[in-house]
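Taken in sequence, the protein lines are chains W and Y. Per the working numbering, the first sequence starts with residue 1, numbered consecutively. Per the working numbering, the second sequence starts with residue 1, numbered consecutively.
If you are wondering where the hints come from, they were derived from the structure by calculation, not from laboratory data. Where hints are given, some of them may not hold.
Chain Y stretches covered by chain W per the calculated footprint, using a threshold of three residues with CB under 8 Å from any CB of chain W [stated by the list, open to error]:
id, segment
1, 27–33
2, 53–65
3, 68–82
4, 91–100
The list that follows gives simulated cross-link-like pairs (lysine to aspartate or glutamate, EDC-like), each with its CA atoms no further than 20 Å apart [unchecked claim]:
id, chain 1, residue 1, chain 2, residue 2
5, W, K696, Y, D27
6, W, K696, W, E579
7, W, K696, Y, E17
8, W, K189, W, E661
9, W, K713, Y, D108
10, W, K651, W, E684
11, W, K651, Y, E20
12, W, K456, W, E579
13, W, K658, W, D643
14, W, K696, Y, E20
15, W, K597, W, E252
16, W, K207, W, E234
17, W, K696, W, E605
18, Y, K50, Y, D116
19, W, K658, W, E605
As the structure is a computational prediction, the values presented were derived from the model and not from experiment. All C-beta atoms, glycine included, are put in the ideal place defined by N, C-alpha and C.
Residue-level listing of the chains:
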Amino acid sequence: MSPPAVPTASHHGPLPGMPPRNVARMRRATFFVLVLLGTILGTWLLAVFLSGNGWRWSEIGLMLVFVPLFYQLNAGFWTALIGVWLQNRPMDDPIDLWSTLTPEDDGAPLTANIAIIIPVYNEDVTRVWEGLRSCYLSLEKTGQLQHFDFFVLSDSDDTNRWIEEEVAWLELCRQLGAFGRIFYRKRRKPINRKSGNVSDFCRRWGKRFRYMIVFDADSLMSGALMVAMTRIMEKNPGLGILQTFPKQIASETLLGRLMQFAQALYGPAFMAGINYWQGGESNFWGHNAIIRLEPFIQHCALPPLPATVPFGGHILSHDFVEAALMRKAGYAVRLLPSTRGSYEEGPPSLIDMLKRDRRWCQGNMQHFWLLFAKGWHPMSRLNFAHGVLSYVSSPLWFFFLVFSTILAATPGSGIRDQREQIALAGQLLLWLTVILIFLPKVVILTDEMLTGRLFKPLRLRLLAFISSMLDTFIFSLMAPVMMWFHSRFVMKIILGQGVRWVNQRRKAGGVDWQEIILTFGGVTLLGVIWSVIAFFISHQFLLWISPILVSLLLAIPMAILLSSTQSGRRFGLFLTPEELEPPTVLGEMENNLAEVKGRLQLPPEIEKSYGLMQVCLDPYVNGLHVSLLRRRRYTELSREYLDEIARRFIKQGPQALKPREINAIINDTETVIHLHYRLWSSAENELAPFWSLAIKQYNIAATNPFTHLLAQKGHQMLEMPMEK
Amino acid sequence: MEALNIQFAPGTGTEQEWNEAYARLSDYFRSYRLHNRIRRTQLILETLRKAADAHAKDPSRKPTDHAIEQARLMLCHWLGRIYKDMQMTPAQLEASGRLGFHLSGGPDKWPHFFLDEQNPPEEMAEAMRIAVRTSGPRMQVSKMTPRDIDLGLTNVAEDTFDRFGKYPYARYALLLLLVVLVLGYVYKLLK
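If we strip away everything but chain W, and leave its shape as in the complex, we get:
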């Protein structure tokens, strides 16, 4: 099926999907007037408070860092409040995309081809493919599966992962009879990382599809939602990107469960609020979204930024830029408010969260280049600015506290001034700040208590209330620690230290005390020094800054507590609707993951190199790998060099080789075939202990080698051949 011509955005008047101009303008005017009024009020109160003894440089500095911080607080506050108002408004939102669907659409065949793409980089193979299976089966239930093709686009440079991905692809296709519907592609050189991976897909296969749904390695989406999103795109040709709200799921640690609870409770209101003022100029978050491919291919290829990393070079956070480019091309980028059907996983510990934030921080800081670029829609420019501010606000907050300390330490400073008007301004500002921080949560929680939007039973609503109190306390403790780390990230990036591309850990892996102490020891020390200084300044100041200091002092125990799997679930705390009643797509995946987890384990050294062992010993996996390599030529390396590595590989085992050496032999067709026979034909004394053990254990451990990667029970083996 070839895609029909997509209407161009140069049409007179907005195309369906793009909110009417007057609506968008009115909404933004309302939102930004409220935000600016709040910011001006706060700034004025601070100015009154500080101006008691004239203006000094530290007071000017404090004012400068205060303004953007207070703007950010106001933006969050009004987004949440508008969101709650929209959720409770009796009439439908006139620009709601769901309303474009009619009852007749239910069950009607789709008229477009859709590619579901899953870019992966050294991810947990079982999780990726079991997730894909669940989505595939969910789509099958909708009766629209024939319109969807799945592409796992691998950039994995860990040889074990690479082989496991190939095996998982083969086995899943075999089990589901999905040859010709699920595809696997591995790039030899991961040029331009994830965005390069997606661009490569677009160049090779993009023309065959009208839409692509982008997944992250940990994404999960229900078939019903994906079909609905496709229908919405079909009905609204002005839509370029439709982003869903991915809910966090499957967390096991306290931090993960806290985040997924907070997201479930507060997320929908914030989403509604963001949707209100962003309208057709929303952001793309890189996954769990559907994209119109033709304009994406035409307009959204990313050029490198000037200068070198970390500020320049390849664009890391490509999603915001792609959204801006799509909008620049005249297509709307919209959020689709949804509470079910779109899921992702989050980091299990504070350290994993910080590692992720480090990457995001660099990506967002790079957008500084784009703030002043030509031709953006003003809202796209603002989105970039908000992205930069989300990380720059940490050093601003840090400087705010430093300036406050300096002011408190200076005799006759504003903080100590007790004149009536100045003291009143100070108190008003304090209360205003408290309201801006906590009122949104209070309003959302009250809304939940009254409406039972999340939970119907009263007991669960009360548990949600207690959980909300606890999460507010824990997040308040976390915030200063995050501020310190984010400030360091920003500074490091400014000083020219980039980040490496590392895969994300998404599952709990136990508490690593040493790593935690080494990571957070410095924060504790900072807390101790700052406490001593504050103590000597005045008791009043110590009391004022104590919430920050307590957080810094407790960083290590807090990180340990947050990484723990003692997450309060048995007390009914931090529950989410997905935990109580897992949606089919999630329940199915979790059952399969549990089956694979419960399999017989091989010795650890073999488990570590399982993929490598399989490609060398298993005749089918070896055949598969060679078949997938067959179109490639590998002429850069000499035969003698490859033979020499292969000899060491057999005699000393995989651990004796460097990753690039393993990569060299596994990329060469001839060597891979020869390794298979050479290993099997070598006498015991010619083999490394690893191979002796592997040959003996391989057949014993699994009568079917694929139990290692994918669930087997309950999945009928369809021995369906590959399609012609």
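Fit chain Y to the supplied structure of chain W, relying on the hints for placement.
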């Protein structure tokens, strides 16, 4: 398929070496997921006999080495016969051929005919042939060329002035304001 004949008396090599070759061949055929033990034993003996002949001609190599080499030769002949009408290189024949047996469900459906050159059932051969035919959508290459993003600060200024140019009253008001401010400052200085 010939009847099982357990006679095996190699003229060269030690008992220990042949035992090792037997154990290795057993593991090797198990890795093909051949769960039928009788067929596995048949194959091991058949291969060992061929290996014994080869070892007699070249005793410098170990029996295990000969045994696996013979298994490979048997496999290549068997696959060559099944895929004879398909244009495949030796490497493709070995790799894709093996995979074809797995994908067609051969280990469960036709274990007795694995490496049986004489009587491969046509149904099995056809299933194996279909299984190795290419998969995947044909590529339809399209261009996705990055366009330069003009990042200059001057452009923003230009943009602003361009936009400003569309509103003459605002432009004149700004100009007037500037003049008033300059005049006011001069007045303050002179006062």
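Evaluation of the provided hints:
1. Three residues within the 8 Å Cβ limit are the bar, and the segment 27–33 of chain Y against chain W gives 6, so the coverage statement holds.
2. Against chain W, the segment 53–65 of chain Y contributes 3 residues with a C-beta closer than 8 Å to a partner C-beta. That satisfies the three-residue criterion, and the hint holds.
3. Judged by the Cβ-Cβ criterion of 8 Å, the segment 68–82 of chain Y is covered by chain W as claimed, because 3 of its residues qualify and three suffice.
4. Check on the segment 91–100 of chain Y: 8 of its residues sit with their Cβ under 8 Å from a Cβ of chain W, so the three-residue criterion for coverage holds.
5. This hinted pair checks out: W:K696 and Y:D27 have alpha carbons roughly 7 Å apart, not beyond 20 Å.
6. Our distance criterion of 20 Å between C-alpha atoms is broken by W:K696 and W:E579, whose separation comes to about 42 Å.
7. The hinted pair formed by W:K696 and Y:E17 meets the criterion: a straight-line CA distance of about 17 Å does not exceed 20 Å.
8. Proximity of W:K189 to W:E661 is assessed by CA-CA distance (about 16 Å); at most 20 Å being required, the pair is judged to hold.
9. For the given pair, W:K713 sits about 17 Å from Y:D108 by alpha-carbon distance, which is consistent with the 20 Å threshold.
10. Only pairs whose Cα atoms come within 20 Å are accepted, and W:K651 paired with W:E684 is accepted, the gap being roughly 10 Å.
11. For the hint pairing W:K651 with Y:E20, the CA-to-CA distance comes to about 18 Å; that is within 20 Å, so the pair holds.
12. As the CA atoms of W:K456 and W:E579 are separated by approximately 15 Å, the hinted pair is consistent with the 20 Å bound.
13. About 15 Å separates the Cα atoms of W:K658 and W:D643, which keeps this hinted pair within 20 Å; it holds.
14. The hinted pair formed by W:K696 and Y:E20 meets the criterion: a straight-line CA distance of about 12 Å does not exceed 20 Å.
15. Restraint check for W:K597 and W:E252: the C-alpha separation of about 15 Å stays at or below 20 Å, so the hint holds.
16. The straight-line distance between the Cα atoms of W:K207 and W:E234 is roughly 17 Å, inside the 20 Å bound, and the hint therefore holds.
17. Of the pairs offered as hints, the one joining W:K696 and W:E605 holds, with about 14 Å between alpha carbons and a cut-off of 20 Å not exceeded.
18. Restraint check for Y:K50 and Y:D116: satisfied, since their Cα atoms lie roughly 15 Å apart, inside the 20 Å limit.
19. Of the supplied pair hints, the one linking W:K658 and W:E605 holds, its CA atoms being roughly 16 Å apart against a limit of 20 Å.
Checked against the numbered hints given earlier, this structure breaks only hint 6.
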